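Student: One-letter residues, chain by chain:
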Amino acid sequence: MRVSGIIHQQICQLKWHLLACLGLIMVLPVEEAIVNLKEGDGFFTTAMTSLAVMFSPLLTGLIACANVQGDLNEKRYIFWRSKPADVKLLITLKFFTGLVASLLIIACPVVFAILSNIIWNGEGIDIFVPLPITIAIMTYSLCFACNVVVRKTARAWLIGMLTGCFLLVLPFMLPLNLRDFVSDIMFLKFGFYLTIILVAPAAAFIFALYAAKHDWHLRTNLKSLLWIGAGLAFILLMLFSSQVANIKVLHEKEIETSFGRNTLDYAGSRAVFQGYSYVDIDKNSISLNNISGGPEFGIDDNLTSRVEGYYVRRYPNSGRLYKNVGDDIYSFAIHAYYHTEGKGPSLKRFYEKVYLRSYKHTDKSWMPVCELDISDCLTDNINSIRLAMRMIDNRLIAIVNDSYVVVDTTDPGELKLIDKKKLDALKKYIRLTYMDRQKEFAIPLVPVEEIGLEERIKLSIDLNYWYYGFRNEINESSIVDVHDGKFSFFIVDFDDIVRFDVTRWDDEKVYCKFSTLRPFTILESVTGHFYDDKFVKNGKFYCYDDHTLMVFDVRSNSRIRKLGHFVRMDYDIEDMAVLDDGNILLCVRWNPEFLTRSDEQKKYLYLLKNPE
Amino acid sequence: MTESAIKIEGLHFSYGKKQVLKGVDLEVPKGSIFGFLGRNGTGKTTTIKTLLGLQKPRAGRCIIGGLDSFTQTLEVRRRIGFMAEDQQMYGWMTISRIIKWVAGFYANWDYKFADELADRLGLPKNTKVKALSKGQNSSLALLLALGHRPDIVILDDPTLGLDPIARKDFLRHVIDLLQSNGVTVFFSSHLLYEIEPVADHIAILDKGVIIKASKTEQLRESIRKFVLAPKPEANFKGLAGILDVLKVGDNVSITVEDCNEEKRGKLKGMSANSMTEVALNLDEIFEAYVIGNRGRELSV
Amino acid sequence: MFGMLLWKEWKENLWKLWFCGGASVVFTIMLFRIRIIPDFSNCILISFIQMFAVPVIYSLDIFSGEISNRTVHLLFKIPVPRWMLFFSKYIVSAAGIILIFLISGVLMEFMARGREAQVLFLFATNSLCGMAALVLFTWFCAFGCQSRSEADSLVAMFGVFIGWGIVFFWSSVCEVAWAERFVPYSLSLLRITKIGPVLTIFSQIPAFAAVLIIACYRYVSIRRYL
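Protein chains in written order, with this note's numbering: chain E, 12 to 623; chain V, 100 to 399; chain C, 16 to 241.
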């Protein structure tokens, strides 16, 4: 067999298809260049090159089908099979001739863009060009292989393209670890994924060789093809939903929209919404029973105006720390007052006064009942402030910068200061890094003697992790799980959830060691990231960001096992609470800007089923 | 003169630059079984398509049953029955269903006749069309062509792909059903030995024109082959109507059309010894007309 | 006679209705129950996929199937005008497309129950995509009615998709509003773009009628490939 003769014949066979594909791929860049020329910017193309190249997988699929059909359609098949032709050589030459021709065609708009853009530095070309080209090679190979077996152009193209889509989408649908897909080496981003895209063409080529040699012929039927395709899409969707959307919504209740974030807190075992309603659940149905009438933030407005020229920073930021005493409900807050000097980047804050306040609910609103001046906690640094608070039994521990106070709240109307100390230990906080996974490390143990050791260890770990962050929820949650006398805590990192175990402790330190991790899957990474809000409750780890909530079981077999996932992409989760039965309450906000073209918002309370 | 069922006058047809029909003139007598013969690619199917009004000729016209096939195409299709070569039907329909469906398009569909025909052709009514054999498929196509009792039936290579027994069977049905009812059958094929026993008129199409059209019997009578040993001084060039001349050893075989006593006498005169006259079958006649050398080999 | 043709086309293409309708119902129910994206986004996703997929499935073998299965001889032999054959195919396909969009639109409204979008908003959006689908199908008919095989039909569809895509891009970028109105895709975007809806719909009607007539003419004038 004359190789050059075969190559020449293949090119002649394909010439009109190649020209048509060339025309199609160049249309948009040329159109853009003409539009730019008309606008007086010069004859060049940029964005449309990327768009044209992105469609190249479709075109290479067509070229592959045309390539095969030229010799393998049902009538011509008998012709060359009856000739002394080396099947493998023929198929190999066909494959590579078509592939090279396809790649040359794809290169045309890129070359045109580079040549026409004398000043363009090709920015973006490394992102938008290589990936479509690799996918184009994959679709070419798959369509080639399908056509060898199916021998009907349209159906083979459909099967090839669907197989390509399936291969591209499947890794996202399977619960594979993100780390397997992302390489630390920059240019090998999505390394494993890239491997799939490049291995598939090789496999398809080998398959095509064998199929042609052994005369494999798959008789297809359009109806069954479509049903199989739909079935596959259904399976993919099921895989998708099982990964990212499986916590059942028991009830959805629309609530009045209000300015600011809605909050859900605990008052004993009851959830409190916005500080003015109890959230009661009856037969999986949410009902709000008002405690008081006005929004609680009104209280702060009153407070800030009391001292002119001063601003207030409060803790908790959103929500409150509540306590039930008989039929009464009390809440606690820390208010730090400051004034400012300077403007813009040179603005400085000067904190002067810090108060610990308690409020009692009355018929109409929350009334302040007691105030404790804890301004002397501001010892060394008055330009910035960190605040935290936690109630343990009747002891309220309030932390201001590097000091803490312990207050007896047996009678919330009469706060009694029990202890006040400096917390030097807090200066030595450990910011956890990847290196901490390699060896044992120590966290300072806060010397709060008024609480038990277990609570001390928990508080130490929570403070270490949260205290220096932008927002901490030490008042209502913890990242520490205590089980059978063992302590573990959980961190959400960029691409995984990490568990650390407390190995030992002494009077000053708590020693911890990395235990296990649970990497995020690709879909989990896509649907959510930066899980700022997290806590452990009753052996489950909850983490949520704007529109995603994930729940993990952290006690079974020492590994972290996902129990449930909840996603609503256009919604923001403002706050959440876990009820005693494990059901979850979510406050969500939805801004249907797309629909209403306004700032109108809607807010909801969701009751989610306990994911077990 | 017998009235013509089909009349084609000066038909010209081209596919792009390639001229297929170059002035076809043809008359099909009413009530005859007309064999339309030609080699592959000579334009038989093209002629039939033009007859049905499926394509417009460059020049000429076709009158079928007194109707212009191009301007009155609907009416033509109502009046004639047509069976295409290798005609496929809707596989998902049962035989009874497809008969019923096609019948809906003909005001004069004879349901009783169609039923009888189905029984006679051995077609199982509740079977789906896709389950039929090739022979049964052809039978069904014939039934659909005849169910409305047309006066003219056009069959375009109807036995294509059938085995010899199935072909014989099919033709027998054609004869039985049609000949006795005075239906005009326009039959195109290149299996001449099949047409010969059934066709009473023949037309041969070659290179876009009709080179011979006549009654079959007349054709057989008028075309003869003479085998003789020619005298040295024999001059065949003066003999009109030579279709083919072949040298076989010392003998010469001459096929002559429009054979009469005069030509016989001339040939006998040129023969050195006895002369044998051979009657030709349609195959041989066709061969002589289409690939005969017209005496160009004459050098005796 | 026309009824017989309609019956035959309906029976032949019923599987497409089942397939498209069934897939549409299943995916609508799944997506609206999962609610990973809001109802309107689900509606747009389903409607857009349907807008392209349903006309493609209908046009893939509506005309070419007759030629590739060689039943065209039978069809052209029966004494009915060719335009009747064309319209029987077109009407059955159009009815199927409309029915699919109606079912999915009603189902979307039922699943959403006005919880995020106003009542009938989703139905209206879906219906606009249905109109676009019908227009696209008509264009497919015009280009693909003489196709001999599924491959030819697919090429014709590609041509329509890409051709209109180019016009749409050019008219959007260069802000040529009058051209944008004629693009079938514009119908589907009426709710979310600033193209005048009434003018768009009224611009589409004569274009649609013209394309339908051209498609019919092309089908009637088939002479080759028989």
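One or more of the hints may lead you astray.
A few chain V residues that face chain C, going by a derived Cβ cut-off under 8 Å, partial list only [claimed, not checked]: (1) Q154; (2) R177; (3) M188; (4) G203; (5) Y205; (6) W208; (7) Y210; (8) L259; (9) L261; (10) A371; (11) Y388.
Pairs of lysine-lysine, BS3-like flavour, derived with a Cα cap of 27 Å [said to hold, decoys possible]: (12) V:K367 to E:K234; (13) V:K224 to V:K211; (14) C:K26 to V:K117; (15) C:K26 to V:K229; (16) V:K306 to V:K121; (17) E:K234 to V:K233; (18) V:K199 to C:K26; (19) V:K267 to V:K330; (20) E:K26 to V:K117; (21) V:K311 to V:K330; (22) V:K116 to V:K306; (23) V:K324 to E:K234; (24) E:K364 to C:K26.
Since the hints were derived computationally from the structure, they do not count as laboratory data. What you are looking at is a predicted structure, and each value in this text was computed from that prediction instead of being measured. Where is the CB? At the ideal position from N, CA and C, for every residue including glycine.
Student: Could you run down the list of hints and mark each one as holding or not?
Tutor: Verification of the supplied hints:
1. Against a cut-off of 8 Å between C-beta atoms, the interface hint on Q154 (chain V) holds, since the closest Cβ of chain C lies about 4 Å away.
2. For R177 (chain V), the shortest C-beta to C-beta distance to chain C is roughly 4 Å, which falls under 8 Å, so the interface hint holds.
3. Contact between M188 (chain V) and chain C, as hinted, is supported at the beta carbon level, the nearest pair being about 5 Å apart and thus within 8 Å.
4. The closest approach between the C-beta of G203 (chain V) and any C-beta of chain C is roughly 4 Å, which is under the 8 Å cut-off, so the hint is satisfied.
5. Among the interface hints, the one on Y205 (chain V) holds; its C-beta lies about 7 Å from the nearest C-beta in chain C, closer than the 8 Å criterion.
6. For W208 (chain V), the interface hint is violated, the least distance from its beta-carbon to any beta-carbon of chain C being 11 Å, above 8 Å.
7. Among the interface hints, the one on Y210 (chain V) is violated; its C-beta lies about 15 Å from the nearest C-beta in chain C, farther than the 8 Å criterion.
8. Hint status for L259 (chain V): violated, given a least beta-carbon distance of 12 Å to chain C, over 8 Å.
9. Annotation: L261 (chain V) was flagged as interfacial toward chain C, and the flag is violated, the nearest CB pair being 16 Å apart, outside 8 Å.
10. Interface restraint check: A371 (chain V) against chain C, minimum CB-CB distance 57 Å, threshold 8 Å, status violated.
11. Given hint, Y388 (chain V) at the interface with chain C, is violated; its Cβ is 29 Å from that chain's nearest Cβ, farther than 8 Å.
12. This hinted pair does not check out: K367 (chain V) and K234 (chain E) have alpha carbons roughly 73 Å apart, beyond 27 Å.
13. Taking the CA atoms of K224 (chain V) and K211 (chain V), the gap is near 14 Å; set against the 27 Å cutoff, the hint holds.
14. The straight-line distance between the Cα atoms of K26 (chain C) and K117 (chain V) is roughly 41 Å, outside the 27 Å bound, and the hint therefore fails.
15. Distance check on the hinted pair: K26 (chain C) and K229 (chain V) sit about 16 Å apart at the alpha-carbon level, within 27 Å; holds.
16. Our distance criterion of 27 Å between C-alpha atoms is met by K306 (chain V) and K121 (chain V), whose separation comes to about 8 Å.
17. Proximity of K234 (chain E) to K233 (chain V) is assessed by CA-CA distance (about 25 Å); at most 27 Å being required, the pair is judged to hold.
18. Proximity of K199 (chain V) to K26 (chain C) is assessed by CA-CA distance (about 15 Å); at most 27 Å being required, the pair is judged to hold.
19. Distance check on the hinted pair: K267 (chain V) and K330 (chain V) sit about 46 Å apart at the alpha-carbon level, beyond 27 Å; violated.
20. Distance check on the hinted pair: K26 (chain E) and K117 (chain V) sit about 25 Å apart at the alpha-carbon level, within 27 Å; holds.
21. In summary, the hint linking K311 (chain V) to K330 (chain V) is not supported, as the alpha carbons are separated by about 32 Å, beyond the 27 Å threshold.
22. Our distance criterion of 27 Å between C-alpha atoms is met by K116 (chain V) and K306 (chain V), whose separation comes to about 15 Å.
23. Only pairs whose Cα atoms come within 27 Å are accepted, and K324 (chain V) paired with K234 (chain E) is rejected, the gap being roughly 61 Å.
24. A hinted pair counts as satisfied when its Cα atoms are at most 27 Å apart, and K364 (chain E) with K26 (chain C) does not qualify at roughly 84 Å.
In summary, the structure is inconsistent with hints 6, 7, 8, 9, 10, 11, 12, 14, 19, 21, 23, 24 from the numbered list given earlier, while agreeing with the others.
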